[in-house]
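Build out the structure end to end from the sequences listed, making use of the hints.
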Amino acid sequence: DTEVTQTPKHLVMGMTNKKSLKCEQHMGHRAMYWYKQKAKKPPELMFVYSYEKLSINESVPSRFSPECPNSSLLNLHLHALQPEDSALYLCASSRTLTGLNTEAFFGQGTRLTVV
Amino acid sequence: RKEVEQDPGPFNVPEGATVAFNCTYSNSASQSFFWYRQDCRKEPKLLMSVYSSGNEDGRFTAQLNRASQYISLLIRDSKLSDSATYLCVVTAIGDSNYQLIWGAGTKLIIKP
Chain A
1 DTEVTQTPKH LVMGMTNKKS LKCEQHMGHR AMYWYKQKAK KPPELMFVYS YEKLSINESV
61 PSRFSPECPN SSLLNLHLHA LQPEDSALYL CASSRTLTGL NTEAFFGQGT RLTVV
Chain B
1001 RKEVEQDPGP FNVPEGATVA FNCTYSNSAS QSFFWYRQDC RKEPKLLMSV YSSGNEDGRF
1061 TAQLNRASQY ISLLIRDSKL SDSATYLCVV TAIGDSNYQL IWGAGTKLII KP
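Residue numbers (the working numbering), protein chains in the order written: chain A, 1 to 115; chain B, 1001 to 1112.
It is possible that part of the hints are untrue.
In silico DSS-like cross-links for lysine-lysine, where the CA-CA straight-line distance does not exceed 25 Å [unchecked claim]:
{"hint": "1", "chain 1": "B", "residue 1": "LYS1111", "chain 2": "B", "residue 2": "LYS1042"}
{"hint": "2", "chain 1": "B", "residue 1": "LYS1107", "chain 2": "B", "residue 2": "LYS1002"}
{"hint": "3", "chain 1": "A", "residue 1": "LYS9", "chain 2": "B", "residue 2": "LYS1045"}
{"hint": "4", "chain 1": "A", "residue 1": "LYS40", "chain 2": "B", "residue 2": "LYS1111"}
{"hint": "5", "chain 1": "A", "residue 1": "LYS53", "chain 2": "A", "residue 2": "LYS18"}
{"hint": "6", "chain 1": "B", "residue 1": "LYS1107", "chain 2": "B", "residue 2": "LYS1079"}
{"hint": "7", "chain 1": "A", "residue 1": "LYS19", "chain 2": "A", "residue 2": "LYS38"}
{"hint": "8", "chain 1": "A", "residue 1": "LYS19", "chain 2": "B", "residue 2": "LYS1002"}
{"hint": "9", "chain 1": "B", "residue 1": "LYS1111", "chain 2": "A", "residue 2": "LYS9"}
{"hint": "10", "chain 1": "A", "residue 1": "LYS38", "chain 2": "B", "residue 2": "LYS1042"}
{"hint": "11", "chain 1": "B", "residue 1": "LYS1079", "chain 2": "A", "residue 2": "LYS22"}
{"hint": "12", "chain 1": "A", "residue 1": "LYS22", "chain 2": "B", "residue 2": "LYS1107"}
{"hint": "13", "chain 1": "B", "residue 1": "LYS1045", "chain 2": "A", "residue 2": "LYS38"}
Honestly, the hints are just simulated from the structure, not real lab data.
Right, here's the structure in full:
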């Protein structure tokens, strides 16, 4: 089973709204990732958690706030987003962040539209 | 020079042909290498990890050339369903620094 589940699949939110994206995996993976992907571009890494600790923050604006409540769950809290933040948000997980077994498996993504 | 470079394509290839992509990387300390495929409006899916000795999975063969700093993907007997964007991913670990870099992707179109 290489399943990463993301909810919701689609989200439309206003610039003053607060919303959260959710990601779940039950593969025992200890690294989890948030990516943002715009059309015809590769995924851009946003955050990486390793063993529930934030390991990498790629200078993401504070209107995006990640949270890792436990080893299976990863959230991305959204607040005061801009229309240019509209994109596909992808969650991924891998067994570890470094060394062997770093192949990442992706969820289906949340397609976010900010109006 | 970009840290990970791929020919964006598109590669227009007849069904049944063999097609090869390269991906070059600039960080000689790179340690892990992967090929992903992504269909339009879908998530990336892991195609293959790339090992130093090279690896094969059915019609797909991946190679790593550390001396020249590139990885390659060969697809034999291409099928219509191979049409997708192929992305390479390279990771490197330095002193207090972890890099995970995606190429921009190569678009492949298989024609009947």
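Item to complete: Mind checking the alpha carbons of LYS1079(B) and LYS22(A) for me, to see if they're no more than 25 Å apart?
Response: Not satisfied, since the Cα-Cα distance of roughly 35 Å exceeds 25 Å.
Worksheet item: Between LYS22(A) and LYS1107(B), is the straight-line Cα distance small enough, at 25 Å or below?
Response: Violated, at roughly 30 Å.
Item to complete: Below or equal to 25 Å on CA atoms is what counts here, so check LYS9(A) against LYS1045(B).
Response: Status holds; Cα separation ~17 Å.
Fill in: Holds or violated: LYS38(A) to LYS1042(B), with C-alpha atoms at most 25 Å apart
At roughly 12 Å apart (the allowed maximum being 25 Å), LYS1042(B) and LYS38(A) satisfy the hint.
Item to complete: Quickly compare the C-alpha distance for LYS1107(B) and LYS1002(B) to 25 Å and report which way the hint goes.
Response: Holds, because 18 Å separates the two Cα atoms, which is no more than 25 Å.
Practice prompt. Could you grab the alpha-carbon distance between LYS1107(B) and LYS1079(B) and see if it respects the 25 Å cut-off?
Written response: Given pair LYS1107(B), LYS1079(B) holds - Cα atoms ~14 Å apart, limit 25 Å.
Practice prompt. Assess, step by step, whether the Cα of LYS1111(B) is no farther than 25 Å from the Cα of LYS1042(B), and give holds or violated.
Written response: Holds. LYS1111(B) to LYS1042(B) sits at ~21 Å (cutoff 25 Å).
Discussion item. Would the hint linking LYS19(A) and LYS1002(B) be met if the CA-CA limit is 25 Å?
Written reply: violated, 35 Å
Discussion item. Can you confirm whether the C-alpha distance between LYS1111(B) and LYS9(A) stays at or below 25 Å?
Written reply: violated, 31 Å
Worksheet item: Is the Cα-Cα distance between LYS1045(B) and LYS38(A) 25 Å or less?
Response: holds, 17 Å
Worksheet entry | Hinted pair LYS53(A) and LYS18(A), Cα distance within 25 Å | holds, 23 Å
Worksheet item: If you draw a straight line from the CA of LYS19(A) to the CA of LYS38(A), is it 25 Å or shorter?
Response: Cα-Cα ~20 Å, so holds.
When the structure is compared with the earlier hints, violations turn up for hints 8, 9, 11, 12 and for no others.
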